[in-house]
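Colleague: Sequence:
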Amino acid sequence: MTDEIRKGAMEEGIEALKRAVEAAEAGDCTLLNEEVKAFHTRFELKEAKVCEFISDHPEEGFHAACSLMSGSVSKIDGDMAELLVPVVCSKIVDKNQECWKAIRKFVESPKAKDDALRVMADWMRDPEVVRNFFVSNALVDILWKLGTPEDYAEMAVVAKNSAADGNPRAMGRLGRMYYSGKGFDKDLDEAEKWMSMASRQGVPWARTELKKIVAKNSEFKTARDEASKSFIRFFDLAVRRSSDPKGIADLVRSLRYFADAGSIPALMRVIKAYHEGIGVAKDDSAADALVRRAVQGRLGSMEDPEDRMYLAKMCCISGDAGVRDAVPDLIGGIDKGDRRKDLLEMAL
Numbered sequence: 001m002t003d004e005i006r007k008g009a010m011e012e013g014i015e016a017l018k019r020a021v022e023a024a025e026a027g028d029c030t031l032l033n034e035e036v037k038a039f040h041t042r043f044e045l046k047e048a049k050v051c052e053f054i055s056d057h058p059e060e061g062f063h064a065a066c067s068l069m070s071g072s073v074s075k076i077d078g079d080m081a082e083l084l085v086p087v088v089c090s091k092i093v094d095k096n097q098e099c100w101k102a103i104r105k106f107v108e109s110p111k112a113k114d115d116a117l118r119v120m121a122d123w124m125r126d127p128e129v130v131r132n133f134f135v136s137n138a139l140v141d142i143l144w145k146l147g148t149p150e151d152y153a154e155m156a157v158v159a160k161n162s163a164a165d166g167n168p169r170a171m172g173r174l175g176r177m178y179y180s181g182k183g184f185d186k187d188l189d190e191a192e193k194w195m196s197m198a199s200r201q202g203v204p205w206a207r208t209e210l211k212k213i214v215a216k217n218s219e220f221k222t223a224r225d226e227a228s229k230s231f232i233r234f235f236d237l238a239v240r241r242s243s244d245p246k247g248i249a250d251l252v253r254s255l256r257y258f259a260d261a262g263s264i265p266a267l268m269r270v271i272k273a274y275h276e277g278i279g280v281a282k283d284d285s286a287a288d289a290l291v292r293r294a295v296q297g298r299l300g301s302m303e304d305p306e307d308r309m310y311l312a313k314m315c316c317i318s319g320d321a322g323v324r325d326a327v328p329d330l331i332g333g334i335d336k337g338d339r340r341k342d343l344l345e346m347a348l
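67 is the number that the numbering used here gives to position 67 of the sequence shown; each next residue is one higher, with no gaps.
Careful, some of the hints might be misleading.
To be verified - BS3-like cross-link-like pairs, simulated, lysine-lysine; straight-line CA separation at most 30 Å:
(1) K193 <-> K221
(2) K113 <-> K216
(3) K105 <-> K246
(4) K229 <-> K313
(5) K145 <-> K193
(6) K160 <-> K95
(7) K193 <-> K160
(8) K49 <-> K75
(9) K46 <-> K75
(10) K91 <-> K37
(11) K91 <-> K75
(12) K193 <-> K212
(13) K113 <-> K7
(14) K105 <-> K186
(15) K101 <-> K212
(16) K18 <-> K145
(17) K160 <-> K18
(18) K211 <-> K182
(19) K46 <-> K91
(20) K221 <-> K246
(21) K75 <-> K105
(22) K160 <-> K186
(23) K113 <-> K221
(24) K216 <-> K246
(25) K105 <-> K145
(26) K101 <-> K111
(27) K186 <-> K145
(28) K182 <-> K193
(29) K111 <-> K46
(30) K111 <-> K212
(31) K211 <-> K221
(32) K216 <-> K186
(33) K145 <-> K160
(34) K282 <-> K212
(35) K113 <-> K18
(36) K49 <-> K18
(37) K7 <-> K46
(38) K113 <-> K49
(39) K111 <-> K95
Derived from the structure by calculation, the hints contain no laboratory data.
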C-alpha cells in the first residue's frame with residue numbers, strides 16, 4: 001500500500017468516526033457502536049475524539065467503550081484508558097456481563113499496554129469496589145502481568161484479603177502465587193493447600209492445576225527425602241571420623257534445612273550437634289528448644305528406635321516438665337531387652 005493510499009484510507013476512517021460521533025451527539029449511538037467494531041488506528045480514534053465523547057456521555061457511550069476495550073486492546077494507551085476505564089467499569093459492581101466480558105478480554109490480552117493496565121488497576125484499588133470478588137480477581141491478574149516487586153507485593157495482599165472474604169478464585173490465585181514464587185516465597189505445600197480449597201469450591205481451572213501441583217510437590221519431597229538421607233549418612237560418618245569441624249558445620253546447616261522441612265532424623269542430628277558442640281558452638285538452650293519442637297506433635301511419626309531413644313534421653317535432662325512427660329510414649333514399643341543400659345541411664 002502506497003503512502004498516498006494509506007493516507008486516504010486514514011482520512012476516510014477519521015471521517016467515518018467523526019460522522020458516528022456527530023450522530024451520537026444528536027442522540028443516535030447506533031452508528032458509533034458499529035463503527036468502533038471496525039478496524040481503526042489509534043490515531044484515527046484520537047483524531048475523531050471518540051474516547052472524549054464516550055467519557056463525556058458515559059451512559060450513551062457505554063457499549064462503544066466496552067467494544068473498544070475488548071476489541072481494540074493494542075490501540076488503547078494510557079491516555080485513552082483514562083477516558084474509557086471509568087465508563088466501562090461504572091457497571092462492574094452491578095455484575096453487568098458486557099462490562100465483565102470487556103474487562104476480562106482487556107486484562108487477559110497479551111497486547112494490553114502497561115500504562116493502560118495501570119489506569120485500570122488504579123480504578124480497581126478504590127476501597128468501595130475492591131472487595132467485589134470480580135474486581136479483586138481482575139486486579140490480581142493485572143498486577144501479575146505488570147510484574148514489578150511492588151506489584152507482586154500488592155497482588156499478594158489483595159488476594160489474601162479476598163480469599164479471607166471467601167473468594168474461591170482468589171484462593172486459586174494464591175495457589176498459583178505460591179507455586180510460582182510470585183508474591184510469596186515458593187512453597188508447594190501452601191500452593192497445594194490453597195489450590196485444594198479452590199478446587200473443592202468448584203473453581204473450573206483449579207482441579208487441573210491442583211494435579212500439576214500435587215505431582216510436582218510429590219516429586220520435590222521424594223528428591224528432598226533422598227537428599228536428607230544422604231546428608232544424614234555424611235554427618236554420621238563425619239562424626240565417627242572426627243572430620244574437619246568446618247565440614248561438619250556445613251552439614252549441620254544443611255540438616256537444619258531438612259529438619260525445618262519435617263525430617264525427624266535430621267532434627268535429631270541437629271539436636272546432637274548443639275548438645276555436644278559438634279560443628280557448632282555447644283548451646284544447651286538451643287538443643288532444648290529443638291527437643292521441645294520434636295516432642296510437639298511429631299512423636300507418632302518417629303519410626304527409628306535409635307531416634308526415639310536419643311530423644312527420650314534428651315527429654316530426661318530437659319528443664320521442661322511437659323517435655324519429660326513424653327518419655328513413656330517415646331520408649332513405648334522399643335525392645336527393652338536391647339536397651340537395658342539406656343533405660344537404666346535415663347532412670348538414674
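Colleague: All hints are to be evaluated individually against the structure, with a verdict given for each.
Modeller: Verification of the hints:
no.	hint	verdict
1	K193 <-> K221	holds, 15 Å
2	K113 <-> K216	violated, 33 Å
3	K105 <-> K246	violated, 57 Å
4	K229 <-> K313	holds, 23 Å
5	K145 <-> K193	holds, 24 Å
6	K160 <-> K95	holds, 22 Å
7	K193 <-> K160	holds, 13 Å
8	K49 <-> K75	holds, 14 Å
9	K46 <-> K75	holds, 10 Å
10	K91 <-> K37	holds, 21 Å
11	K91 <-> K75	holds, 23 Å
12	K193 <-> K212	holds, 13 Å
13	K113 <-> K7	holds, 26 Å
14	K105 <-> K186	holds, 29 Å
15	K101 <-> K212	holds, 28 Å
16	K18 <-> K145	violated, 35 Å
17	K160 <-> K18	violated, 46 Å
18	K211 <-> K182	holds, 20 Å
19	K46 <-> K91	holds, 25 Å
20	K221 <-> K246	holds, 28 Å
21	K75 <-> K105	holds, 14 Å
22	K160 <-> K186	holds, 16 Å
23	K113 <-> K221	violated, 40 Å
24	K216 <-> K246	violated, 34 Å
25	K105 <-> K145	holds, 14 Å
26	K101 <-> K111	holds, 16 Å
27	K186 <-> K145	holds, 18 Å
28	K182 <-> K193	holds, 16 Å
29	K111 <-> K46	holds, 19 Å
30	K111 <-> K212	holds, 28 Å
31	K211 <-> K221	holds, 15 Å
32	K216 <-> K186	holds, 12 Å
33	K145 <-> K160	holds, 18 Å
34	K282 <-> K212	violated, 44 Å
35	K113 <-> K18	holds, 26 Å
36	K49 <-> K18	holds, 8 Å
37	K7 <-> K46	holds, 16 Å
38	K113 <-> K49	holds, 20 Å
39	K111 <-> K95	holds, 25 Å
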